[in-house]
Each structure stands twice: as C-alpha cells, then as structure tokens.
Amino acid sequence: MSENAGSRNPLQLRDQPETCRTADAEERSAWQRVIGRFADNCRARSLFVLHYCTGCGAIELPPTITSRFDMERVGVSPMVTPRQADILLITGYVALKTLKRVILSYEQMQAPKYVIGFGSCTINGGMYWNSYATIKQLDQYIPTDLFIAGCMPRPEAVQEVFLELMRMIDAGKANAWRDYYRNYDHYLANQQALFGPQWHTPTDIVAEAKHYGLMGPGTTGPHTRLLDQHAEWALDRIPEDYPERGENERSER
Amino acid sequence: MRPENYKPVRHPPSHEYELYFGPNHPGIEGNYAIRVRLKGDVVQEAITDAGYLHRGFEKIMEERLWVQNVALVPRICVPDPVPMEESYARAVETLGGIEVPERAQWIRVLMLEMSRICAHLFTFGGNAATIGLYTNMFWGVTMRDLFLDIFEEITGARIYHMYITPGGVRRDLPDGVLDRLAAVLDELERKKPEFDDLFFENAVVINRATGVGVLTQAQALAWGVTGPNLRACGLAHDVRRDDPYLVYPALKFDIPTATSGCSLARMHVRRAEVEQSVRILRQVMERLRTVGGPVRAHLPNPLAWNVPAGEAYARTESSKGELAFFAVSNGGPKPWRIQVRGPSQMHGVQVLERILEGARIEDVAQIMFSLDACPPEIDR
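Taken in order, these protein sequences are the chains called A and B. Taking the numbering used here, I'd label the letters of the first sequence as residues 1 to 253. Taking the numbering used here, I'd label the letters of the second sequence as residues 1 to 380.
Hints listed in this document are in silico derivations from the structure and should not be mistaken for laboratory results. All C-beta atoms, glycine included, are put in the ideal place defined by N, C-alpha and C. If a hint is listed, it holds; no wrong ones were tucked in.
Taking lysine-lysine pairs in the DSSO-like style, the calculated list, with each CA pair at most 30 angstroms apart, reads:
no.	chain 1	residue 1	chain 2	residue 2
1	A	Lys173	A	Lys210
2	A	Lys136	A	Lys100
3	A	Lys100	A	Lys210
4	A	Lys97	B	Lys39
5	A	Lys173	A	Lys136
6	B	Lys334	A	Lys136
7	B	Lys334	A	Lys97
8	A	Lys100	B	Lys59
9	B	Lys334	B	Lys59
10	A	Lys136	A	Lys97
11	B	Lys252	B	Lys192
12	B	Lys252	B	Lys191
13	A	Lys100	A	Lys173
14	B	Lys59	A	Lys136
15	B	Lys59	A	Lys97
Stretches of chain A that chain B covers, calculated by requiring three or more beta carbons in the stretch to come under 8 angstroms of a beta carbon on chain B:
no.	region
16	54-64
17	83-97
18	126-132
19	151-159
Based on the sequences and whatever the hints tell you, model everything.
Following this line, the structure appears as structure tokens:
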C-alpha cells in the first residue's frame, strides 16, 4: 500500500488517543451507578420493536399489537426505523438474503439493543432444518437475548417474552448486545462463512467498541483483520484522480 | 458509514431519484422490497425485489415422506394456509386413488371458507392502514381472531392447522363448534354496517382508491392474474365454479365481479366474497348437522406408503387466486417432484411492476395491498 493511500486510511484513527469515551462500569462513581440503575428501570418500561417482518411469525404480531392482546398496555410499541428501535424481533426463519438485512438493521440500532428469536426456526432451523436457503441458529450471527419456542408461538407467548425481557432489563441482565462488541470476531467469522471474505457492513463495530470502551478479548481477530484488508483493497481500487463529491456536484450544475 | 465504503457516483438530476421501498418499511406487505424510481412524486419505474423469504420448498419436499409434507405445505402462505393443505392433499389423493368420505369433504369446505374470510379480513385491515385508517386494521384483526378461535377449537392451532390430510381430515369436529361458528358469523354480519361505514363509505378511501392501480381485463388475462384481482376486471372466473372440487357443485353461491379494475373495485370484490363465504358456511353447517360417517379414508401405513407412480395436478381457489400443486410420484415413499403454482407470483411481481408506473408514491403501498400478494408464497 502506498504512503499516499495510507494517509487517507481512516483505520489509523483507531490508534489515536481516545478523547471522547464513556466511563467503564468500575470507573463510574456511585452516583453514576444510581443513575444507570434508574435508566435501566425507565428503559424497561418503554420499548420499541422494529417493524421488520422477517418470516411467518409476523402474522401473530397484528393480534399482539391490536385490541385483543394489546401489547402497548405493557409499554411495547412498534417502531418503523432501526435507529429508534430497541428490540429486533426475528419472526421466524431467516433466509440468507434476509440475514444480510437483519445484520445491517441490527448494527444500525442504538445500544442498548435486544434481540428476540421468535419461533423454532431461529433456534434450530425448525421446519426448515434441511433447507439450503435458511440459517439454522440465529445466535451464531447476532447475539440473542431470548427465544420463543414453537411454531407458531401464540400471542400470549410473545407478550410473556416481552415481560421477561423487561424483568431482565430491570435487573441489568439483558446484555447480549455487549457480546457483539466483545466477541465481534466470532460473529463476523460466521457471517463471513456464509457471505464470503468480502462481506462487510457500513458500520465500524471495532471502532465503536473502542469508542465506548467495550473492547474484549474477541473483538479483533483474524476475521476483523480481513475487514481491514478489505478496506485497504477498496482504497487501492479508487483511482487517484477520482472526482470528489463536491466537484461532482459542481459539474452537474 | 466507513469512509472507504463510500463510493462517489454521478447522480442524476435531483428531481429524479430512486427509493428503496422495503423490506422493513411498514407499508410493505411482508418481507419484500420494491425499488421505485421517482420523478417528483410520480413513479417512473418500479423493480420488485423478491427472495427474502425463499426456503426452497419444492426441493425440501422431495426429501420428506408424503405424509411429512402435510406439515410443511401450510407454511407456504401464512395468512391463508388451508388451500395449500387442500391442494396438496387432493394431489396425493388423485395419485393414490383415494376416495374422501362425504363428511370430510364438507368439513374441508368449512375450513377453506373460514380461511378465506380470515385472509380477506386481514387484507382489509392492511389496505386501510396504508391509507392511514388504523381503526379498520384493529377491527379487522380482532374480527379475524374470532375465527382463529374456532380454528383453534377444531384443529388445535391458530395459524398452521395441518388438519387436512390425504384421505380426509385429521379428526371430527368437536361438539357444539357449529353453534359457536354460527355466533361468530352473526357477529360478523352485525359488524358489517360498521365496517362499511368505516371503509367502503369513507370519503378518504373513495377519493384515495378510486381509479388507482387500474388493471384492464386484457392485461389481467395476458399477465396470468387470477382470483379477486381478475374478477375485479369483470371476468367471473372462479376455480370453485369452473373446475369444481369437493362438494362445491352442491352449494349455492354467486361469483362477485366488478368492472373498473381499480384498487377500490378489488376491495369491493373481496367484501362481496366474504358475504358469499358466509352464505356457503351457513349451507355447510346445515349439511354437517345431518351428514355423518367417517372423516378419514383408510390409508396404508403412512411411514411406509409408496404412492403409486403418476402425475397429478390439483387446483384450489385461494383468497389470492388460483393455487395449484403439481405432484409427480415415481412409486417411492417420497415425492419425485412437487411444483407449486402460487397465484401471488403473477400479481405480486410482474403486474405490480407494470401498474405502479405512473402511480404516485403515496399510492404504492395501497396498490400493493389491494393486489393482496403474499410474499412467502411468491418466494416459497
């Protein structure tokens, strides 16, 4: 890699001193821990589910949302964008094409975020255990807090799992999302096994982990190094005289 | 976004742009996407992007026993699973030369028509929600839940019943379920004026849906559209009448049609179909009180059942259109080839792409819902 391209490499930002970072749990004062406890308490009572019908299970969500079972009375409501959602409800089997979108949506969501696997298909493949087109275990690709067994789970089961998630958040136990940062290499390895070594998402998980102080022993590894390599290849592929965005817009006018 | 992933492209002039509509867009029916190219708010071009729900049904069915597939087929179309079971069971019965007992045939018609009402109620709710009328969605889903309770009582499951098996149905109706179904039908008819008030006589719906997404009869026939979408163009084509199966010849019902082929006409046809289904159900319930006998023909040991070699094509009128199973057996314990003719493939992919051209962006979701495509059945 040439020196010129190296100076443009944004990955070098990682080695710069961290100027903005949230405090680790042990660094926090007692006052901050009280605030955190209070925040968990509030968070558990206002949850938004991402409106993404990934599979069959979406058919039991309208009854859960609407008048008969009415999940809004326990404080759970649908949300249309990933960035404002707290819960990613994977309703049933996930085909490979959907899994890419699921991972993109999951990485866009703001932490703390919770994933619920809905139905047997997310646990062991369910009815589609021998299908060539679906994944068999959801928690190999994104960390999952809770599962609902059954095909199809009833609306009561969906409500029960929401209540259980609230109890877990309240007790500070719904922390699967931290595992994505701490063991990103493991999840990325499984994703790369499906989608090939060129697989990458627009989100820089390693930089986020560093920024928020969530680096763990498995955050980086051989597979994230492949990601860095891919970024270098991408930089090498951009010609030096490629028009910048501003020039492009000016020439249009 | 990582800067290295940003690849500058030469953008077209800013009044023309492309929107990726779905798959987690609330206006999309299921896990499905449309790429729409817009000029202002008018759609220039729409390219559908299916495949999010592909499970490879036709392949995995070849790897399971004939009787194991009974559990698999209802999963093809989630809102309307019973016609799948019926179609598959009838294909296997044709291959095996099995005669279905009369009582089982009446029970199957009962299940099929209940499933049609459920699917149409769901579509009403979805279609109204795309125009912004959420009350209708709440009412439609709640009404459908009453039917799901009856399903649960008969079959033990709300959504996937796995009740219709080759040779008949799994078990007889529980005592008193017909009275409870009659009460649910009365409730539906009692609520009908309120539904009409809220949807079909609502100025918002009339102004938004009239003349939107028009499909002419010639286009519909050329593009292979079936079901309510074809009947809304003025052609009274219905598999229940044209190629009768089960006990439909003994039942009195009309085939509702409309002429304009627009979004509202399609919903009017569905509304009339719900009325006809209620009419059919009342006749079926009357006959079920008198017709007795077994509900299941004698079958060989299902785990070692070599279905005789041959080909069978069984078609059923589902709420989306003409659904068919083509089954080929080579005399073995597993199907040699199964092909599913899903009705949504026609109007959910090709037709949608064509009639979206010239529509406005706020009508895209509404046109999609009025066609009533079922993405899991498109992808299979």
